[in-house]
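Asker: Using the sequences and the hints, build the whole thing.
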Amino acid sequence: AQSVTQPDIHITVSEGASLELRCNYSYGATPYLFWYVQSPGQGLQLLLKYFSGDTLVQGIKGFEAEFKRSQSSFNLRKPSVHWSDAAEYFCAVGAKGYNKLIFGAGTRLAVHP
Amino acid sequence: GAVVSQHPSRVICKSGTSVKIECRSLDFQATTMFWYRQFPKQSLMLMATSNEGSKATYEQGVEKDKFLINHASLTLSTLTVTSAHPEDSSFYICSATPPGGTEAFFGQGTRLTVV
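Heads up: the protein sequence lines correspond to chains Y and L, in order. Quick note: the first sequence uses my numbering, first residue 13, plus one each step. Quick note: the second sequence uses my numbering, first residue 235, plus one each step.
One thing to keep in mind: the hints can contain errors.
[Claimed, not checked] The calculated lysine-lysine pairs, modelled on DSS-like cross-linking and capped at a C-alpha distance of 30 Å, are:
| id | chain 1 | residue 1 | chain 2 | residue 2 |
| --- | --- | --- | --- | --- |
| 1 | Y | Lys61 | L | Lys248 |
| 2 | L | Lys275 | L | Lys248 |
| 3 | Y | Lys61 | L | Lys275 |
| 4 | L | Lys298 | L | Lys275 |
| 5 | Y | Lys80 | L | Lys275 |
| 6 | L | Lys275 | L | Lys254 |
| 7 | Y | Lys80 | Y | Lys61 |
| 8 | Y | Lys61 | Y | Lys112 |
| 9 | Y | Lys73 | L | Lys254 |
| 10 | Y | Lys61 | Y | Lys73 |
| 11 | L | Lys300 | L | Lys254 |
| 12 | L | Lys289 | L | Lys248 |
| 13 | L | Lys298 | L | Lys248 |
| 14 | L | Lys289 | L | Lys300 |
| 15 | L | Lys275 | Y | Lys73 |
| 16 | Y | Lys112 | L | Lys254 |
| 17 | Y | Lys112 | Y | Lys80 |
| 18 | L | Lys275 | L | Lys300 |
| 19 | L | Lys300 | L | Lys248 |
| 20 | L | Lys254 | L | Lys289 |
| 21 | L | Lys254 | L | Lys298 |
| 22 | L | Lys300 | Y | Lys112 |
| 23 | Y | Lys112 | L | Lys275 |
No lab work stands behind these hints: they were computed from the structure.
Answerer: Rendered as structure tokens:
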């Protein structure tokens, strides 16, 4: 079955601390992987994506993610979190064509000053 | 980047009435658009694929007679929630990808509350 697992429902970090959000996927074909961020009551903004090539991808707002095929993982990282990063983060997987995405349950990030 | 716009952003309707939500691609043509539903504190679940000029494709478990989708032009898809009930209250989001693009762009979402 195709699925995306985000093990952490809530994460709280202090401003300036590093962050890692976990994502594991199960997908029958070549996965195209995405991380989106959603602010309350808003749509989704793409942080970064992985299709092929270098397994470490850089995104917007200082985020990066590493694709590890052997672990079926695509974890999101940021070296120093800002208060404005507080939001909901979704990992998603899809086939070529980039739509019809399967989303993880999301991780809600809180940032303490 | 490309822009996908949804309207309205919020709507409150009475139980038993119908509500129409619009999804527009503002600066590109989209032969296919996607409708997702998000319950509070949950993830997005794909409801249906909207195909311009043909019938929508619904995901398993989604009632096609309740969630009517019309993709009448290359820039507009509409989702009509018919005979709405409180359990239909949710956040509905559409997405589309520009031709040749590699990213799905999402609308702002529509918060539907059925009272």
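Asker: Are the hints correct? Go through all of them and say.
Answerer: Consistency of the hints with the structure:
For the suggested pair Y:Lys61 and L:Lys248, the alpha carbons sit about 40 Å apart, so the restraint of at most 30 Å is broken. Restraint check for L:Lys275 and L:Lys248: satisfied, since their Cα atoms lie roughly 24 Å apart, inside the 30 Å limit. With a CA separation close to 24 Å, the supplied pair Y:Lys61 and L:Lys275 stays within the 30 Å bound. For the hint pairing L:Lys298 with L:Lys275, the CA-to-CA distance comes to about 25 Å; that is within 30 Å, so the pair holds.
Pair hint Y:Lys80 plus L:Lys275 holds up; C-alpha atoms about 28 Å apart against a cutoff of 30 Å. Only pairs whose Cα atoms come within 30 Å are accepted, and L:Lys275 paired with L:Lys254 is accepted, the gap being roughly 24 Å. The hinted pair formed by Y:Lys80 and Y:Lys61 meets the criterion: a straight-line CA distance of about 14 Å does not exceed 30 Å. With a CA separation close to 15 Å, the supplied pair Y:Lys61 and Y:Lys112 stays within the 30 Å bound.
Between Y:Lys73 and L:Lys254 the CA atoms are separated by roughly 35 Å; this puts the pair beyond 30 Å, and the hint is violated. Distance restraint check for Y:Lys61 and Y:Lys73: the Cα-Cα separation of roughly 14 Å lies within the 30 Å cut-off, and the hinted pair is therefore satisfied. The hinted pair formed by L:Lys300 and L:Lys254 meets the criterion: a straight-line CA distance of about 12 Å does not exceed 30 Å. Restraint check for L:Lys289 and L:Lys248: the C-alpha separation of about 28 Å stays at or below 30 Å, so the hint holds.
For the hint linking L:Lys298 to L:Lys248, the alpha-carbon distance of about 21 Å falls within 30 Å, and the restraint holds. At roughly 14 Å between alpha-carbon atoms, L:Lys289 and L:Lys300 fall within 30 Å of each other, so this suggested pair holds. Distance restraint check for L:Lys275 and Y:Lys73: the Cα-Cα separation of roughly 24 Å lies within the 30 Å cut-off, and the hinted pair is therefore satisfied. Taking the CA atoms of Y:Lys112 and L:Lys254, the gap is about 22 Å. The hint holds against a cut of 30 Å.
Between the alpha carbons of Y:Lys112 and Y:Lys80 the distance comes to roughly 23 Å, so the proposed pair stays at or under 30 Å and holds. The suggested pairing of L:Lys275 with L:Lys300 holds, with an alpha-carbon distance near 23 Å, which does not exceed 30 Å. Under the criterion of a C-alpha separation no larger than 30 Å, the hint pairing L:Lys300 with L:Lys248 is consistent with the structure, at around 15 Å. Between the alpha carbons of L:Lys254 and L:Lys289 the distance comes to roughly 17 Å, so the proposed pair stays at or under 30 Å and holds.
Only pairs whose Cα atoms come within 30 Å are accepted, and L:Lys254 paired with L:Lys298 is accepted, the gap being roughly 14 Å. Taking the CA atoms of L:Lys300 and Y:Lys112, the gap is about 21 Å. The hint holds against a cut of 30 Å. Using a Cα cut-off of 30 Å, the hinted pair Y:Lys112 and L:Lys275 holds, with the two alpha carbons roughly 21 Å apart.
This entry does not satisfy hints 1, 9, going by the numbered hints stated previously.
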